[in-house]
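J.: Which chain is which? The protein sequence lines are P and F, in order.
Here the first sequence is numbered in full-length UniProt numbering, starting from 1 and rising by one per residue.
Here the second sequence is numbered in full-length UniProt numbering, starting from 1 and rising by one per residue.
Certain hints may be false.
Derived DMTMM-like pairs (lysine to aspartate or glutamate); straight-line CA-CA distance at most 20 Å [said to hold, decoys possible]:
| id | chain 1 | residue 1 | chain 2 | residue 2 |
| --- | --- | --- | --- | --- |
| 1 | P | Lys-85 | P | Glu-21 |
| 2 | F | Lys-148 | F | Glu-124 |
| 3 | P | Lys-30 | F | Asp-206 |
| 4 | F | Lys-201 | P | Glu-21 |
| 5 | P | Lys-161 | F | Glu-221 |
| 6 | F | Lys-229 | F | Asp-118 |
| 7 | F | Lys-63 | P | Asp-163 |
| 8 | F | Lys-110 | F | Glu-55 |
| 9 | F | Lys-218 | F | Glu-55 |
| 10 | F | Lys-218 | F | Asp-134 |
| 11 | P | Lys-124 | P | Glu-178 |
| 12 | F | Lys-148 | F | Glu-55 |
| 13 | P | Lys-29 | F | Asp-118 |
Covered by chain F, according to a simulated footprint, are these stretches of chain P (three or more residues, beta-carbon under 8 Å) [unchecked claim]:
| id | segment |
| --- | --- |
| 14 | 109-115 |
| 15 | 142-155 |
| 16 | 167-178 |
Cβ-Cβ distance ranges computed for the label pairs, FRET-style [said to hold, decoys possible]:
| id | chain 1 | residue 1 | chain 2 | residue 2 | range |
| --- | --- | --- | --- | --- | --- |
| 17 | P | Ser-94 | F | Gln-92 | 47 to 57 Å |
| 18 | P | Lys-189 | F | Ala-150 | 18 to 28 Å |
| 19 | P | Ile-56 | F | Ala-80 | 38 to 48 Å |
| 20 | F | Val-46 | P | Val-185 | 33 to 43 Å |
| 21 | F | Lys-168 | P | Ala-44 | 52 to 62 Å |
| 22 | F | Glu-55 | P | Asn-170 | 19 to 29 Å |
Keep in mind that the hints were calculated from the coordinates and are not lab data.
Fair warning: this is a prediction, and the values are worked out from it, not measured in the lab.
Using N, Cα and C, we set each Cβ at its ideal position, and we do this for glycine too.
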Amino acid sequence: MAHTLPDLPYPYNALEPSINEQIMTLHHKKHHQTYVTSLNAAEAAYAKATTPKERIALQAALKFNGGGALPRGGQGGVLKPGPLKDAIEQAFGSLEVLQKEFNAVTLGIQGSGWGWLGYNTASKRLELATTPNQDPLLHLVPIIGVDIWEHAFYLQYLNVKADYLTAIWNVINYEEAERRLAEAVSSSKL
Amino acid sequence: MLSVAARALSKPNVARAFAASARHVRGFQSATLPPSAIRLQCEGCVALEPYISEEIMTLHHQKHHQTYVNGLNAAEEAYASASSVKEQIALQAAIKFNGGGHINHSLFWKNLAPASQDGGKLVEGPLKKAIEKDFGSVEAFKKEFNTKTAAIQGSGWGWLGYNSGTGKLEVVTTSNQDPLISHVPIIGVDIWEHAFYLQYKNVKPDYLNAIWNVINFKEAESRFTAAAK
């Protein structure tokens with residue numbers, strides 16, 4: 001079954017002033033759409049491939065276009081008391097320390113990529129990670145992801161990545177993050 | 001003391017591009033931002049309009065490239081005071097990224113030129129002949145170059161490179177700020193989003209079509225004749 005572009009659960013201007021409408025429109029309607037379209041093409045080609053060589057040749061396209069996830073709706077920027085807040089404080093000391101370390105690690109990516117807060121099901125702790133390009137996060141369960149490809153911020157923040165990373169915490173959906181954590185914790189108990 | 005990055009570069013014209021911008025400070029060479037070959041002051045930044053906007057040129061040269069220069073100097077300084085192999089290895093990524101960024105952008109500014117300095121003009125000569133021999137035609141070369149460069153998954157560079165082993169011109173790509181090592185760089189095009197996004201947004205092919213109007217084929221030819229000796 002073909003993949004389709006999921007709708008944003010909020011209007012394109014909803015994340016202003018942290019992420020502007022122009023970026024949200026391009027990022028969703030152009031960049032994400034292109035990944036969806038290309039993923040469908042890669043999967044169609046993969047289904048028709050008759051040799052391992054052909055399938056291997058398609059792996060890069062599948063990985064590149066299949067990787068990545070879109071944040072979903074809710075009230076951004078507010079971390080309420082609960083399991084997520086507890087887990088953050090246990091692993092980092094405080095939300096402020098998490099944000100500082102997350103931003104430092106994400107700023108350190110050399111090229112395009114994503115910064116992640118992820119849940120380690122083995123150690124049962126939150127950890128930071130980065131992935132290059134559109135590689136999906138595999139060794140941790142994604143809790144919060146931030147796109148640091150230049151298309152995610154350049155039109156608004158130009159080269160000043162640090163300002164984008166400071167601003168985006170105002171629109172992080174902690175409710176969604178908490179939902180992902182709860183799911184990760186309960187599946188890892190199975 | 002020679003900088004580590006300069007020592008690691010054996011290709012003559014890459015080392016030349018790097019060395020041209022280095023100076024001796026405190027016992028080791030530190031990089032400086034080369035004045036762009038097309039003289040980027042404020043007024044120079046408009047030189048490549050309408051193909052590459054003044055805003056992009058200003059940010060790209062004075063912010064992005066400057067950051068690589070600063071990063072390279074810091075990494076080399078740390079390397080010089082590293083007291084173990086482990087520390088040196090830990091610094092390799094920073095040297096490669098910032099050193100590569102400095103090399104690549106230094107080559108880039110020199111291989112761009114405004115129309116008033118014959119940007120976009122490929123005259124009859126050894127380079128045109130070699131392109132026609134190895135690609136069939138200049139149009140076929142540009143098409144292959146643009147296709148391969150647009151297909152880079154992430155950030156990187158598209159290159160026309162001279163393969164010293166086979167004596168052929170080839171289109172190759174590099175990721176992130178990896179310098180071109182396998183071939184002699186003849187023409188390089190930056191496909192990091194900061195190189196085009198403000199003007200072309202997500203439409204990479206439009207940027208790649210436009211940039212041929214400001215490619216400095218004279219510089220490319222002098223790199224080619226030096227490499228092909």
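J.: Which hint numbers does the structure go against, in order from smallest to largest?
T.: 1, 2, 5, 6, 9, 12, 13, 16, 17, 18, 20 and 21
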